[in-house]
Amino acid sequence: MKNSIKYLLLSAAALAAVSCESWLDVTPPSEIRAEAHYSSAEGFQQTLIGCYLAMGETDLYGENLTWHMVEILGRQYDARKNTAADDYDLDRYNYKTTKSTEVIEKVWEKSYSVIANVNDALDHIDRRKDELDSVNYRIIKGELLAVRAYIHFDLIRLFGCSDLAGRTDLESRHTVPYLTSVDKDAAPQLTYAETLRRMIADLTEAARLLEIDPIRARYPESIYTEANVDKFYDYRYMHLNYFAVKALLARVCMWEGSDENKHTALLAALEVIDDPASVGIAGGLTLRTFTDSAKAPTTEMCFPSEHIFALGVTDMAKKIASNLNREYSEQDRQYRTLCIKNSVADDLFEIKGAGISDCRYKQLYHNTNYWPEGTKTPSKLYQQTSTGADYRHKDLMPLIRLPEMYYIAAECRISGPDKDLGEARSLLQEVRKARAVYEELDADLDEAGLMAQLEKEYRKEFICEGVVFYFYKRLGYEKLPRQSDVMSGSKVIDDAVYMLPYPDFEIQSGRVQ
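Under this note's numbering, the residue at position 250 of the sequence shown is numbered 250, and the numbers go up by one with no gaps.
Keep in mind the hints are simulated off the structure, nothing from the lab. Be a bit skeptical, because a hint or two may be false.
To be verified - Calculated cross-link-like contacts (lysine-lysine; reagent style BS3-like; alpha-carbon spacing at most 25 Å):
(1) Lys318 x Lys106
(2) Lys352 x Lys231
(3) Lys318 x Lys81
(4) Lys394 x Lys380
(5) Lys96 x Lys106
Kindly generate the complete structure, drawing on both the sequences and the hints.
Have a look at this one:
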């Protein structure tokens, strides 16, 4: 499949699907358009904005890689009962049916389409370095490198093996292509180890470039005045900013799982948690602080002050209407509703004990009675109809939030070179207190007990965010919560469940999974 990139403001529609077999039909006219497009900082900014817009579309983080497909795979919702439901097969890990294949192939194609556009911009930005001011050059290049790493990482999390820390073949087994250039020729597949090294190298360089990010508040805002004339550097939490890069580095290092990388992950997570900087140009939010639990049910259901990185999703209310609405049509009830039985939610949140005050339970679920025994629909992404100042957080999809950094740091304290069970317990307790759960965790909890608490916190905290499936996969869970809803409860979960299959066109071109 070939695609000529048009050098305009790249809307999601402009980022057409392409196979990684051949990326661009590079002709002299396209080179002319490229040179014109990248003749100023505005062209690079437009490409970057276009990439974020494309990431927010349905096939990627506007739906499938957040609240829909990945959450279904993580057993965060009740199983589909109607065989005609569009995601019935995904719910049962039947990846080769027509409906499943369509979804999976679009994830692959759209991901590599964004990567192709990122690489095209990176190919030009160093040539223009002397013509760009330092702020634009460093921040734009840093963000581009971070976007490239972010999307490749989710491709490896979806299409790669589980439990990398428990494998011995990372230096020999190949994984998804890691593309760093715009080339019509097929990129070679690299080993897991080399792919992760390149990913970490991209993030390390991105962090170095983004040291001047205004979100760190290390420099007077006056140095950004000229570069920010079009407000490109406002709302830094909606860009892959410095702290988002550090958070992503923590994710990647945890995925690899060696003691060395777990130590790196701990340091990165703690930097995000502990950095004393104010927020610079942030759009009126006090960032990297826990959202007031009292505001969760009204104006801040997606915990916006905790967003380390979020995307704007156009018309989110329409995107979620059939699946996560508070009131459903009969057709939606039969085919689309995503909900949780009351009994499951009650047990998870331990409402007969300390969890009765948990704001996540009390305020972020809506009773829908989809099943006769009673159900709840998650309200985290519910879109208020008011247009007042209190509702400025509409259409936000969080991709990395502050609690995850606490959980990563806690896991690094539970086991590994930085083990400290008391500190792990304290980190978990910080998030619980922010959610109005004030009862202290048992001081005698051992490693297994703390990991069990950590799993519960992931399940409670990240509903609708596409995080929990990766937690299970990274740790190689052999049983999934509620797996008996869709398969034998005695079945051992392995990579037949954890690995999405490569698209057929990639296998036919010689790719090996």
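Comparing the hints with the structure gives:
In summary, the hint linking Lys318 to Lys106 is supported, as the alpha carbons are separated by about 20 Å, within the 25 Å threshold. Of the pairs offered as hints, the one joining Lys352 and Lys231 is violated, with about 49 Å between alpha carbons and a cut-off of 25 Å exceeded. The straight-line distance between the Cα atoms of Lys318 and Lys81 is roughly 24 Å, inside the 25 Å bound, and the hint therefore holds. Proposed proximity of Lys394 and Lys380 is supported: the alpha carbons are some 11 Å apart, at most 25 Å.
Between Lys96 and Lys106 the CA atoms are separated by roughly 14 Å; this keeps the pair inside 25 Å, and the hint holds.
Checked against the numbered hints given earlier, this structure breaks only hint 2.
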